[in-house]
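Protein chains: 6
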Amino acid sequence: MSDENAKALYWEDHQLGSRRVSGRRTITETDIVFHAGHTGDYHPYHIDADWAKTQPYGQRIAHGTLTFSIGVGLTGNAGGDNPVAFSYGYDRIRFVKPVFIGDTIHTVVTINQRRQDPKRTDRGFIDELGEVINQRGETVLVFTHIHAVAKRPTPV
Amino acid sequence: MSDENAKALYWEDHQLGSRRVSGRRTITETDIVFHAGHTGDYHPYHIDADWAKTQPYGQRIAHGTLTFSIGVGLTGNAGGDNPVAFSYGYDRIRFVKPVFIGDTIHTVVTINQRRQDPKRTDRGFIDELGEVINQRGETVLVFTHIHAVAKRPTPV
Amino acid sequence: MSDENAKALYWEDHQLGSRRVSGRRTITETDIVFHAGHTGDYHPYHIDADWAKTQPYGQRIAHGTLTFSIGVGLTGNAGGDNPVAFSYGYDRIRFVKPVFIGDTIHTVVTINQRRQDPKRTDRGFIDELGEVINQRGETVLVFTHIHAVAKRPTPV
Amino acid sequence: MSDENAKALYWEDHQLGSRRVSGRRTITETDIVFHAGHTGDYHPYHIDADWAKTQPYGQRIAHGTLTFSIGVGLTGNAGGDNPVAFSYGYDRIRFVKPVFIGDTIHTVVTINQRRQDPKRTDRGFIDELGEVINQRGETVLVFTHIHAVAKRPTPV
Amino acid sequence: MSDENAKALYWEDHQLGSRRVSGRRTITETDIVFHAGHTGDYHPYHIDADWAKTQPYGQRIAHGTLTFSIGVGLTGNAGGDNPVAFSYGYDRIRFVKPVFIGDTIHTVVTINQRRQDPKRTDRGFIDELGEVINQRGETVLVFTHIHAVAKRPTPV
Amino acid sequence: MSDENAKALYWEDHQLGSRRVSGRRTITETDIVFHAGHTGDYHPYHIDADWAKTQPYGQRIAHGTLTFSIGVGLTGNAGGDNPVAFSYGYDRIRFVKPVFIGDTIHTVVTINQRRQDPKRTDRGFIDELGEVINQRGETVLVFTHIHAVAKRPTPV
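Chains as they are written, first to last, in our numbering: chain A, 567 to 722; chain B, 567 to 722; chain C, 567 to 722; chain D, 567 to 722; chain E, 567 to 722; chain F, 567 to 722.
Isolated chain A (complex conformation) (with noise of 0.2 Å):
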């Protein structure tokens, strides 16, 4: 649905806990080969298949880029449909195991903190916690996403 559906959905709009699942993909030897050429990130870890049998994880694995490019994108417009909230950055974005290819991969957004902005007093931080979990249930890539959100204009 594009934006002009959107509808505004303030800071204090935003439940602690809450918690959206979003679909499922499956990551494909395409999308290494896709994503190397898309940055330029050629290693032998993603790119080599034969050398990659050597080592210990037995088998190319996706860049870290591309599995959170992918799990982010996953969750897809919710948020992102806010006319009155922004991306603002990630923090903590950690590899907890390797996305092999043909893994399906999902991710679960909770929002875990709702902040004030320290410089502004007309918006404040919600801050999401991202868990993209594999096929077997296990978290391969936690993030946090921090959105910029106004707050609820005051009626004069």
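Bear in mind the hints are in silico, worked out from the structure with no lab data behind them.
Note that this is a predicted model, so its numbers are computed, not measured.
Since the list gives no way to pick one copy over another, a pair counts as held whenever it fits inside one copy or between any two copies.
Derived DSSO-like pairs: lysine-lysine, alpha-carbon spacing no greater than 30 Å straight-line:
(1) Lys663 with Lys619
(2) Lys573 with Lys663
(3) Lys717 with Lys619
(4) Lys685 with Lys573
(5) Lys573 with Lys717
(6) Lys573 with Lys619
(7) Lys663 with Lys685
(8) Lys685 with Lys717
(9) Lys663 with Lys717
Fit chains B, C, D, E and F to the known structure of chain A by using the hints.
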């Protein structure tokens, strides 16, 4: 160069303040269309040129995950090729300014912290500050890249 | 959202005249180059900018299959996620106007027929009229999407 | 071959029952990942290998619009290069059987109708039946492609 | 058309001086971004629009391997579909002029030599001169394509 | 690294016999599907897995232009970043063995000739022999890359 040529660079070998400057790359409409398809993030800010004209920036902007992925990719294999190091995660990713179609970015990476791993004595952390800079010299993105690096083995 | 969250929407549940409006997307040169490579259709109307200048439209035009594929894609998973329905086919696809590089399209879908399946009593057909519309409000493509949908099971 | 070499083939020149057989193409995982990104259709049937295993087909299936776009693309420029014809639309697209990763398809096109254009005397319609067939000889998709073709000018 | 329909064209059947003219294709920014990612060649001449402005050509130029790959691709299956021939190699590839974004190229192929294979009596070589020409009629690339072709079997 | 950091390497500075070994890359089905779309070369040897099974190699093979483009791309910017050199062309490209999906290639480049430019006294040619080698140590492709390189300016 593939990994077999890489030389071990131990935790102690990293110099605070040492600095690398990446090559440069123009962010094209192609990159944005690619990234939308790669991640499934079709937010109108990225793929609706008509609506974007009516917004404060007046044009489409690159996805945050795109600027991050390419900004990191530009820093190349330095570090990644170090057989005694691995990418542990990222802290404090901040989208300072938008990236527009046609902007040319590069990344400056500076080692700004050398920390103990509180849980393990045989390795430590190296924090690199990454600054993604456009053709006008403006910083568009900052991030901290955390590398877990083995300490130099003590000769027996 | 993945399928496990989907709710069954039976044939009887579809309302004649009910209408969905998709998000919007700008058709770029990248999309056309992509589509030519994806389908092998390199007709000069799509990939010869120099020759296209000499033709009535004065510029390259999108492939019919491109406008159709993206026009359908924009309508998203609505219906597709219905576990008791599947896409049976399309009728009456008509290319009403050309789509040029830089045009921004969206799709309006209206349920315009609810038909019996002459061969099976346990399901029926839902016909949706799709209209792909550009940024000037012109309809560029119409199609009828036929969904085969299970009838509501009779309680015993 | 570019258009300048094309010869006019008038409405009267089309023979009922004449038939062309396209080359063949294997539908790969890459094609499906591409098409999902190109159209934004990430339905789990196409991109969730893990869930697809639990479904009746036991595996991912190609998008209908993918099979249609490539099935049409395989028929090449024949007709498309005819300077006195253009693609008017399609009728009766039916998804007869699923296309799986690794299936090899080709398209057989047969002229099955030559109709007057009720609104114009200087042109008519040529209907081609397209049959997309897999490596087991099974028809997976049928469509009717409608070409609007100029009638042969009457010498004065 | 797939190979099974191909007719054998023996070494003796190739006429010195015979000539084919390919269709045309506009080289887009997308092609260059693609090719950089496909090959890993991110030289600033191809992907740094800002720096390229300061150079003699004043703009980005296509990779040599891109112009060569597309220039050869445009010549299509002629020869390639000959079941008694295969592509032996190329000689004397010369980058005569740069190809810029927006240039439209085609390829003219002329048989300019018919040689014995010094090592085998049952086949010979056919050398084709390929000339890739832009929309201003300038030759941008030349190459010699060497085909190894079976001689006509002697009836017993 | 972008060009501004490059150091001039004059014709006289190139040592006969000096040798560079590139990183390695696995050629995937994705690369072949990409290259077919990028170049328009859909020859059944590359994209018809079913037919390829019936042929001598028993499987699809990479395009010659693909192996060449990636083989050259792997040699990276060395030479290309030399501000007093440019790529003049290639000689004697020979496809020695097929490249299959899953093969991992790298390129070894050896300077094997330093020639005068017969037409200009201020520059000469450096010929590099490129050998593209698979994971079994077999050479699959050879080429000679010709660089035109400025001679060292004579101090006045």
